[in-house]
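Participant: Here is what each chain is made of, one letter per residue.
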Amino acid sequence: MKRFIGFIKKEFYHIFRDRRSLFILFGMPIAQIMLFGFAITNEINNVDIAVLDHSKDATTKEIINKISASKYFSINQFIDRESDIETIFKKGKVKAVLNFEEGFSKKLIKDHKATIQIITDATDPNTANTISNYVNAILQQYQKGLNNDITIAYQIVPQTRMVYNPELKSVYMFVPGVMTIILMLVSAMMTSISITREKELGTMEILLVSPIKPIQVIVGKVFPYIFLSIVNAIVIVVLSIFIFKMPVQGSLFLLGLESVLFIITSLALGILISTISATQQTAMMISLMGLMLPVILLSGFIFPISSMPLPLQIISNIIPAKWFIIIIKGIMLKGVGLQYLWKETLILVGMTIFFIGLSVKKYKIRLE
Amino acid sequence: MNNNNVIEAQDLTKMFGDFTAVNAISFEVKKGEIFGFLGANGAGKTTAMKMLIGISKPTAGKAKVAGFDVYKQAEDIKKNIGYMSQKFALYDDLTVKENITFFGGIYGLSRKRIKEKSKLLIKELGLEEVENQLVGSLPLGWKQKLSFSVSLLHDPKIVFLDEPTGGVDPITRRQFWEMIYKAASEGTTVFVTTHYMDEAEYCDRVSIMVNGKIEALDTPKNLKQQFNVANMNDVFLKLARG
Amino acid sequence: MSITVNHISKSYKNVKALEDISFEVKEGELFGLIGPDGAGKTTLFRILTTLLIANEGTATVAGFDVVTDYKKIRNSVGYMPGRFSLYQDLTVEENLNFFATIFGTTIEENYELIKEIYVQIEPFKDRRAGKLSGGMKQKLALCCALIHKPKVLFLDEPTTGVDPVSRKEFWEMLKRLQKKGITILVSTPYMDEAALCDRIALIQDGKILQIDTPQAIVKHYPKQIYNVRANNTYQLLNSLNAYRHNHSVFPFGEFVHYTDSRADFNPKDLVDYLESKNLSNIEIEKTEPTIEDTFMELAK
Numbered sequence: 001m002k003r004f005i006g007f008i009k010k011e012f013y014h015i016f017r018d019r020r021s022l023f024i025l026f027g028m029p030i031a032q033i034m035l036f037g038f039a040i041t042n043e044i045n046n047v048d049i050a051v052l053d054h055s056k057d058a059t060t061k062e063i064i065n066k067i068s069a070s071k072y073f074s075i076n077q078f079i080d081r082e083s084d085i086e087t088i089f090k091k092g093k094v095k096a097v098l099n100f101e102e103g104f105s106k107k108l109i110k111d112h113k114a115t116i117q118i119i120t121d122a123t124d125p126n127t128a129n130t131i132s133n134y135v136n137a138i139l140q141q142y143q144k145g146l147n148n149d150i151t152i153a154y155q156i157v158p159q160t161r162m163v164y165n166p167e168l169k170s171v172y173m174f175v176p177g178v179m180t181i182i183l184m185l186v187s188a189m190m191t192s193i194s195i196t197r198e199k200e201l202g203t204m205e206i207l208l209v210s211p212i213k214p215i216q217v218i219v220g221k222v223f224p225y226i227f228l229s230i231v232n233a234i235v236i237v238v239l240s241i242f243i244f245k246m247p248v249q250g251s252l253f254l255l256g257l258e259s260v261l262f263i264i265t266s267l268a269l270g271i272l273i274s275t276i277s278a279t280q281q282t283a284m285m286i287s288l289m290g291l292m293l294p295v296i297l298l299s300g301f302i303f304p305i306s307s308m309p310l311p312l313q314i315i316s317n318i319i320p321a322k323w324f325i326i327i328i329k330g331i332m333l334k335g336v337g338l339q340y341l342w343k344e345t346l347i348l349v350g351m352t353i354f355f356i357g358l359s360v361k362k363y364k365i366r367l368e
Numbered sequence: 001m002n003n004n005n006v007i008e009a010q011d012l013t014k015m016f017g018d019f020t021a022v023n024a025i026s027f028e029v030k031k032g033e034i035f036g037f038l039g040a041n042g043a044g045k046t047t048a049m050k051m052l053i054g055i056s057k058p059t060a061g062k063a064k065v066a067g068f069d070v071y072k073q074a075e076d077i078k079k080n081i082g083y084m085s086q087k088f089a090l091y092d093d094l095t096v097k098e099n100i101t102f103f104g105g106i107y108g109l110s111r112k113r114i115k116e117k118s119k120l121l122i123k124e125l126g127l128e129e130v131e132n133q134l135v136g137s138l139p140l141g142w143k144q145k146l147s148f149s150v151s152l153l154h155d156p157k158i159v160f161l162d163e164p165t166g167g168v169d170p171i172t173r174r175q176f177w178e179m180i181y182k183a184a185s186e187g188t189t190v191f192v193t194t195h196y197m198d199e200a201e202y203c204d205r206v207s208i209m210v211n212g213k214i215e216a217l218d219t220p221k222n223l224k225q226q227f228n229v230a231n232m233n234d235v236f237l238k239l240a241r242g
Numbered sequence: 001m002s003i004t005v006n007h008i009s010k011s012y013k014n015v016k017a018l019e020d021i022s023f024e025v026k027e028g029e030l031f032g033l034i035g036p037d038g039a040g041k042t043t044l045f046r047i048l049t050t051l052l053i054a055n056e057g058t059a060t061v062a063g064f065d066v067v068t069d070y071k072k073i074r075n076s077v078g079y080m081p082g083r084f085s086l087y088q089d090l091t092v093e094e095n096l097n098f099f100a101t102i103f104g105t106t107i108e109e110n111y112e113l114i115k116e117i118y119v120q121i122e123p124f125k126d127r128r129a130g131k132l133s134g135g136m137k138q139k140l141a142l143c144c145a146l147i148h149k150p151k152v153l154f155l156d157e158p159t160t161g162v163d164p165v166s167r168k169e170f171w172e173m174l175k176r177l178q179k180k181g182i183t184i185l186v187s188t189p190y191m192d193e194a195a196l197c198d199r200i201a202l203i204q205d206g207k208i209l210q211i212d213t214p215q216a217i218v219k220h221y222p223k224q225i226y227n228v229r230a231n232n233t234y235q236l237l238n239s240l241n242a243y244r245h246n247h248s249v250f251p252f253g254e255f256v257h258y259t260d261s262r263a264d265f266n267p268k269d270l271v272d273y274l275e276s277k278n279l280s281n282i283e284i285e286k287t288e289p290t291i292e293d294t295f296m297e298l299a300k
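The listed protein sequences correspond, in order, to chains A, B and C.
Following UniProt numbering, the numbering of the first sequence begins with 1 at its first residue and continues without gaps.
Following UniProt numbering, the numbering of the second sequence begins with 1 at its first residue and continues without gaps.
Following UniProt numbering, the numbering of the third sequence begins with 1 at its first residue and continues without gaps.
Incorrect hints may have been included.
To be verified - Computed cross-link-like contacts, SDA-like style, restricted to lysine to any residue with a CA-CA straight-line distance of at most 25 angstroms:
(1) A:Lys213 x C:Lys168
(2) A:Lys199 x C:Lys13
(3) B:Lys213 x C:Val165
(4) B:Lys157 x B:Glu75
(5) B:Lys224 x C:Trp171
(6) C:Lys71 x A:Ile276
(7) C:Lys125 x A:Met204
(8) A:Lys56 x A:Leu35
(9) C:Lys168 x B:Leu217
(10) C:Lys175 x B:Asp234
(11) A:Lys362 x C:Lys72
(12) B:Lys238 x C:Gln120
(13) B:Lys97 x B:Leu125
(14) C:Lys180 x A:Ala278
(15) B:Lys143 x C:Asp205
(16) B:Lys119 x C:Asn238
(17) B:Lys143 x C:Val15
(18) C:Lys16 x A:Ile79
(19) A:Lys9 x C:Lys131
Said to hold, decoys possible - Okay, the calculated beta carbon distance ranges per label pair:
(20) A:Pro309 x B:Lys79: 35 to 43 angstroms
(21) A:Lys364 x C:Lys125: 29 to 37 angstroms
(22) A:Val349 x C:Lys180: 49 to 57 angstroms
(23) C:Ser133 x B:Ala24: 20 to 28 angstroms
(24) B:Phe16 x A:Pro304: 52 to 60 angstroms
(25) B:Phe16 x C:Glu24: 46 to 54 angstroms
(26) B:Ala24 x C:Lys13: 50 to 58 angstroms
Treat the hints as calculated values from the structure; they're not laboratory data.
Fair warning: this is a prediction, and the values are worked out from it, not measured in the lab.
For each residue, glycine too, the CB sits at the ideal point set by N, CA and C.
Between the sequences and the hints, there should be enough to build the whole structure, so can you do that?
Facilitator: Next comes the structure, spelled out in structure tokens:
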């Protein structure tokens, strides 16, 4: 045990004396979460839109008021003819036009169904998409209000994608992804680098020719990073709660446990990488190419898995990050507990056991 | 400048902050001479050599290398010297021929000249069989001989060798020294920096640096007589221990 | 026997690193493995320190088999690899402390053994190892290898890249350690260090050329060596190489070492020959063979 503690002490010396790794450890999480939170955002503010109101009745006025009251839109112009729509887009003054059909109020009451057309300038597809989502959300809210007093429901177009993010804040979508990336990066890349560094420096030779057991070396290497990753996870959650006012619906305790599980998965991957790479550079390349890219591209963090081609959907299943993102989205946004997430959790546990087993088997007690 | 001297240094000094790495050294090296520049690690050898090859500006003093001033004509110096070190020599992932062609290009040789030189060099070193093999696959001794030849590609006036023969087997090492003698007999000046004292025994004259100063400068024979010892190693030990 | 090596062979892919190596090192002996880079010294060290497994042959260290009893060997040997292998970002004291802990001991417990060496680096104990000079690093590495009082000490090229003063001090330290009963196996590419060992093995291209005491090795040199010198070394070499009676011609410092193939060699003939080649200031005198001469004779 004394050996083990001595080893861990040494690891902390390494970490705290290397500015670069310290920066990766603590600078990156904060920088990333801020970047995703503030800069890379799908949010819109005060987008100019125009209205073509064929009815000009009470309901349309109410809806228009609601839309212009929101901070997302400002109604810039009222037009009278369909032909004006194209002109106005060409001038580039507005990003969207709301077209209310004739007799809107009447139709809604009589047929329980009325149509509003949302025409968006799709030269910027992302913004266009966001605008239509926002308008839809406002309409839905309005419809909900109407339905409260009426027995027969008016037609609601269900917007399931938005339902767990009613305020439409994109930062809520990014937090789970960023947290996954950072835990993966810190755990897998840093451990693999720190183990290969010993190989590169030749100190691994001395460690091997000493009574310290391989398992003690591995656990000693991994332990500081478990601790640091937990600190990181806490920093991310605290930042998202206090800076981005992100609600955590589910149990913080469960969130913590699942994070520790994912950290261990990543550490096991890190050890595995270190057993197959001889230099720090290789370890870094494998970590970045082999882990970071799939996490960013295939985990559902940025691109929804459901819209990927089938082969990629299948591949995404072997990426631990995918399951972790499902789990933390579930806990943070939906507020569900283990009864809904046991399957994903089991998959992660299985993967972890597999990676640990593989790396223990691959870990060499000799040089070749 | 004396026509016979290819290196002349006078009170050459280099300071790093308060630390004097090279402390007013003065010496001359004659044309075709094999000059040993000795000293322990940290004695200032490398710093002094960097000033001579024009990659570090002296703090004070004068020096001329191949007739060019180290302050103003560093670029001309670089064109007229060759350099070989044990640490950096050739590209392991290029073949023998590719290495020669590459370095010939760097030294500004014409394509025709490179072809001629390359043929000649490969023949002289007996590398015909392996000319298209990667340099990394060659034995260390071959690499060093090739590396030395490459540093002479552009017929430099002076070639600087940084610990050239450490770790090579004794026979290859002798072959290497034969090459050095040959280059010197053809008029190339050879400037060897080393801390291996047995390499020093092969030089025409040696200087020994201790703590930034040249503490001894003479032929190995005279130095051994002066200190009344059997070999250069003991000369060095006597000097370094004061 | 402290170390026994029986017919060890080792290949990497298609390169033979070691071929049928056998030797023994007695308890308390200072045994030198002398050979150039690439001779197989490091491979042999790694086999003996249980880091590699030989393709053929067996070996024991301190009575334990290097394959089956590797754990026991790892407890009882000290190993200093070829490159400086300590933590550069830890201080001198932290490094020493760390190695003491992983060997389950403390600096205090074995201070007696390392004291003489450690006092020399103690003034710098708060300096990071990466900032030490070559000689200091080497002393620290030796302290770390000794901290658990090993029975056998493996030193792989400890003096490579170290200046003559530190080299001399290092060998003096080894002699003192030897007196304390530690068996030492040391490798070096420097032939002049061979004389400092009790016994040496000359090794090249994975094969042992000869094993004996340094004195016996030079004594068995088969020829009389002459120091030859003239006004122009390069011309002298060419002339000697062209001389049809030569047995060996090697530049050797300020001289050329020459041996003749004839039993009744008369130096006067050689002087005449060299003069006919327009050389002047010719000196020829008998000299004693060195380890290096023997090495070249054997490797020729």
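Participant: Which constraints among the numbered hints does this structure fail? Numbers only, ascending.
Facilitator: 1, 8, 14, 18 and 20
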